[in-house]
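Colleague: Protein chains in written order, with our numbering: chain A, 696 to 917; chain B, 696 to 917; chain C, 240 to 460; chain D, 240 to 460.
Misleading hints may appear alongside valid ones.
Unchecked claim - Cross-link-like lysine-lysine pairs, in silico, BS3-like; alpha carbons within 25 Å at most:
(1) K835/A with K737/A
(2) K835/B with K243/C
(3) K373/D with K373/C
(4) K737/B with K835/B
(5) K243/D with K835/A
(6) K243/C with K737/B
If you are wondering where the hints come from, they were derived from the structure by calculation, not from laboratory data.
Here the structure is a predicted model, which is why all the values come from computation and not from measurement.
Read off the chains here:
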Amino acid sequence: MIRPLSPTDVARRVARDIPDGSYVNLGIGLPTLVADVVGPDKEIVYHSENGILGMGPAPSPGEEDPELINAGKQPVTLLPGGSFFHHTDAFVMMRGGHLDVSVLGAFQVSETGDLANWATDEAALPPAVGGAMDLAVGAKRVLVMTTHTTRDGRPKLLPRCTYPLTAAAVVDRVYTDLAVLDLCPEGFVVREVAPGVTPEGLQAVTGARLTFAPDLTVVHPD
Amino acid sequence: MIRPLSPTDVARRVARDIPDGSYVNLGIGLPTLVADVVGPDKEIVYHSENGILGMGPAPSPGEEDPELINAGKQPVTLLPGGSFFHHTDAFVMMRGGHLDVSVLGAFQVSETGDLANWATDEAALPPAVGGAMDLAVGAKRVLVMTTHTTRDGRPKLLPRCTYPLTAAAVVDRVYTDLAVLDLCPEGFVVREVAPGVTPEGLQAVTGARLTFAPDLTVVHPD
Amino acid sequence: MIDKRVATLAEAVADVADGATVLVGGFGNSGVPVELVHALLEQGARDLTVVTNNAGSGETDIAALIRERRVRRIICSYPRSAGSVWFEQFWRAGEIELELVPQGTLSERMRAAGAGLGGFFTPTGADSLLADGKEVRVLDGRRQVFERPLPADVALIKADRADRWGNLVYRTAARNFGPTMATAAALTVVQVREFVELGGLDPEAVVTPGIFVDRVVQVAR
Amino acid sequence: MIDKRVATLAEAVADVADGATVLVGGFGNSGVPVELVHALLEQGARDLTVVTNNAGSGETDIAALIRERRVRRIICSYPRSAGSVWFEQFWRAGEIELELVPQGTLSERMRAAGAGLGGFFTPTGADSLLADGKEVRVLDGRRQVFERPLPADVALIKADRADRWGNLVYRTAARNFGPTMATAAALTVVQVREFVELGGLDPEAVVTPGIFVDRVVQVAR
Numbered sequence: 696m697i698r699p700l701s702p703t704d705v706a707r708r709v710a711r712d713i714p715d716g717s718y719v720n721l722g723i724g725l726p727t728l729v730a731d732v733v734g735p736d737k738e739i740v741y742h743s744e745n746g747i748l749g750m751g752p753a754p755s756p757g758e759e760d761p762e763l764i765n766a767g768k769q770p771v772t773l774l775p776g777g778s779f780f781h782h783t784d785a786f787v788m789m790r791g792g793h794l795d796v797s798v799l800g801a802f803q804v805s806e807t808g809d810l811a812n813w814a815t816d817e818a819a820l821p822p823a824v825g826g827a828m829d830l831a832v833g834a835k836r837v838l839v840m841t842t843h844t845t846r847d848g849r850p851k852l853l854p855r856c857t858y859p860l861t862a863a864a865v866v867d868r869v870y871t872d873l874a875v876l877d878l879c880p881e882g883f884v885v886r887e888v889a890p891g892v893t894p895e896g897l898q899a900v901t902g903a904r905l906t907f908a909p910d911l912t913v914v915h916p917d
Numbered sequence: 696m697i698r699p700l701s702p703t704d705v706a707r708r709v710a711r712d713i714p715d716g717s718y719v720n721l722g723i724g725l726p727t728l729v730a731d732v733v734g735p736d737k738e739i740v741y742h743s744e745n746g747i748l749g750m751g752p753a754p755s756p757g758e759e760d761p762e763l764i765n766a767g768k769q770p771v772t773l774l775p776g777g778s779f780f781h782h783t784d785a786f787v788m789m790r791g792g793h794l795d796v797s798v799l800g801a802f803q804v805s806e807t808g809d810l811a812n813w814a815t816d817e818a819a820l821p822p823a824v825g826g827a828m829d830l831a832v833g834a835k836r837v838l839v840m841t842t843h844t845t846r847d848g849r850p851k852l853l854p855r856c857t858y859p860l861t862a863a864a865v866v867d868r869v870y871t872d873l874a875v876l877d878l879c880p881e882g883f884v885v886r887e888v889a890p891g892v893t894p895e896g897l898q899a900v901t902g903a904r905l906t907f908a909p910d911l912t913v914v915h916p917d
Numbered sequence: 240m241i242d243k244r245v246a247t248l249a250e251a252v253a254d255v256a257d258g259a260t261v262l263v264g265g266f267g268n269s270g271v272p273v274e275l276v277h278a279l280l281e282q283g284a285r286d287l288t289v290v291t292n293n294a295g296s297g298e299t300d301i302a303a304l305i306r307e308r309r310v311r312r313i314i315c316s317y318p319r320s321a322g323s324v325w326f327e328q329f330w331r332a333g334e335i336e337l338e339l340v341p342q343g344t345l346s347e348r349m350r351a352a353g354a355g356l357g358g359f360f361t362p363t364g365a366d367s368l369l370a371d372g373k374e375v376r377v378l379d380g381r382r383q384v385f386e387r388p389l390p391a392d393v394a395l396i397k398a399d400r401a402d403r404w405g406n407l408v409y410r411t412a413a414r415n416f417g418p419t420m421a422t423a424a425a426l427t428v429v430q431v432r433e434f435v436e437l438g439g440l441d442p443e444a445v446v447t448p449g450i451f452v453d454r455v456v457q458v459a460r
Numbered sequence: 240m241i242d243k244r245v246a247t248l249a250e251a252v253a254d255v256a257d258g259a260t261v262l263v264g265g266f267g268n269s270g271v272p273v274e275l276v277h278a279l280l281e282q283g284a285r286d287l288t289v290v291t292n293n294a295g296s297g298e299t300d301i302a303a304l305i306r307e308r309r310v311r312r313i314i315c316s317y318p319r320s321a322g323s324v325w326f327e328q329f330w331r332a333g334e335i336e337l338e339l340v341p342q343g344t345l346s347e348r349m350r351a352a353g354a355g356l357g358g359f360f361t362p363t364g365a366d367s368l369l370a371d372g373k374e375v376r377v378l379d380g381r382r383q384v385f386e387r388p389l390p391a392d393v394a395l396i397k398a399d400r401a402d403r404w405g406n407l408v409y410r411t412a413a414r415n416f417g418p419t420m421a422t423a424a425a426l427t428v429v430q431v432r433e434f435v436e437l438g439g440l441d442p443e444a445v446v447t448p449g450i451f452v453d454r455v456v457q458v459a460r
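Build out the structure end to end from the sequences listed, making use of the hints.
Modeller: See below:
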């Protein structure tokens, strides 16, 4: 029986790949879960593109500062050692390759590491990009955290993205509710699968052709 | 009898053209004299390209701070309201057109407003440019303060510069020991002359053809 | 004597012209110069190009400017939010133009304007449709798109404290676009919480030196 | 746990390789990381490209590096000063290469490297012989020259105080090239006067956030 990972379990698995001492930007949505599950043994400096390094957890109710918000516009706190800077400098950090890890959501990822996470083909909504493209091109490692398929069961890991690209050939690793996959010269290489997931089963819900690592294991979120 | 203006008198004449409240950069050498003669009725904010706004006068002997220096590497002070910033921002101010006035020295100025003030044709010394080119292209008004001729009597105001250019078509006004000249579409237009200087006499020591303003006056430094 | 303090919000925005390009600071609801935008609304300038990160939300500030048909064109990175109903309605009706710019490029284009540069190449967006029609060049082994400076007539920003020279410090993440916008506009107008004496700001900690600021008005919180 | 403090100057520069490009902060004698440069001299790396505003003076720091034949090439804006005798002697003998860059362009090229940009157009020097061989384009009605980023292997800079995350504040005009150089090098090494506890620097007044810093060593004044 397939037991897909919960979003929190995927976040735990991502957290394991973030080394102590890293400078990390967590994209809006699923990626923000990562901060909640990183263990206290690691000191991670979280970056927010609106001008914060050293972001701490959400404030207690009633303690919110309406101007101290993260990129998702939620109230946050600042840790000792944190700092504020202006937007242009925040993007120097991103685009300039100073972040160790960027964790992003995705609509689609291609087997060449292309990322589509800012626009669908829906023309009824105005387009909006925010910092997605800067995050995708700049970090030393770009990790994608997403469900393996769309809500209606269509694959998100594809030979080529059909949605507008955010950036080409930037994704290093993808974490889904069903698997952990690396982007390699040969395309998607599956390193780990969720409990009960078979290679055939995973391939059936994936648009791109998968390669399975010889040492394929079952995901251990912790 | 010709009475050339002293460097201090030239500085006084320049100072008269600097409006109250201006942001001003004074180049190394002669231009630094200007700060000494600006009257106390004007509040001028002096900029130094090494990262200072609101520079004050030289400190009293014994009060020097070896790290608080101006672009000429002389010890200075900071006025209340002054601020420090990094070099890149200092040049944003210069190149970005934020300075009201830049006062520069010159080896040569051409009748089209070209400025040569960083290199001669002497090959024995290594070339050095510093911030000269940034100052010349960026300020809202570029004023040149120089002797009318070289020490050996050769003209500095020329049809075309023979020394390497700092920047083309940037000079607004030239102040020499003999005259005040504007750069106009027709070339050098003489506005004021030092006591005893005749049009013919001035033309004789000038390389470019001069036009004399109909309301030509004698320089009053104060 | 330099004194950039003005007494009223109305005075601060009195001469914004029809057709002006106006930079408006803020990210989400942090650092938005709400009172200055409302003063601009009252002042009546129209046919504006507004440069800002978001496209307003609810019924205040930028959303109100849009609702009152003062904005011909908006240049921003993220016009969509829970409350961006006025923008969305006008956009769907074809009554407002949108230039979508990646957030870092938006900030960097304003910086280029303030820094007197002619443009820059950036990898951001170079492989996306936001590079359509723009020059793309391979530099340092990656595709990069040429982006041009984004200067403006007016910047409206919010800071925390100022002195009469217009030196500014900000508060937490409300700093966001303020320091860059201040450099990019011909006229920079700032609302602050508090005025301090000249010399009352630490010269090592001034974030926006007064050279970039034209007018400052106090708005009590 | 992040702790960028190192105990000795020798440790701070231990792995600078022969052939490295090294940014050295300072303007005149203000903000020069003298002790770090001396540690580099002792460490022995040679064939260096040194990027700095001036070319050293007297017998210390950069002048000493030149005298000891460690510098193959210098990229700077103003190599000539009263005491720049070693540089001048080597330059005349053709034993050191000089790339002369206008001061603002030098700073901006390092910023471009730190900011991940592919280059920029600037009016500075566009009409001068320093634009020879470079692309010149008319933008916004003026001639502008295309300048490329200037990245480096190592930056040696001087700050005033730091915490263990590598956050930095500077002192007066000693700040100069430090904040920009810190962004442009793969390895940024800083000498400071004093360490403070984490949280001991005002988050509103940090000038160089620790993300740009790799090692910090204390040098008593």
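Colleague: Any hints from earlier that this structure breaks? Give me their numbers in increasing order, please.
Modeller: The structure breaks none of the hints.
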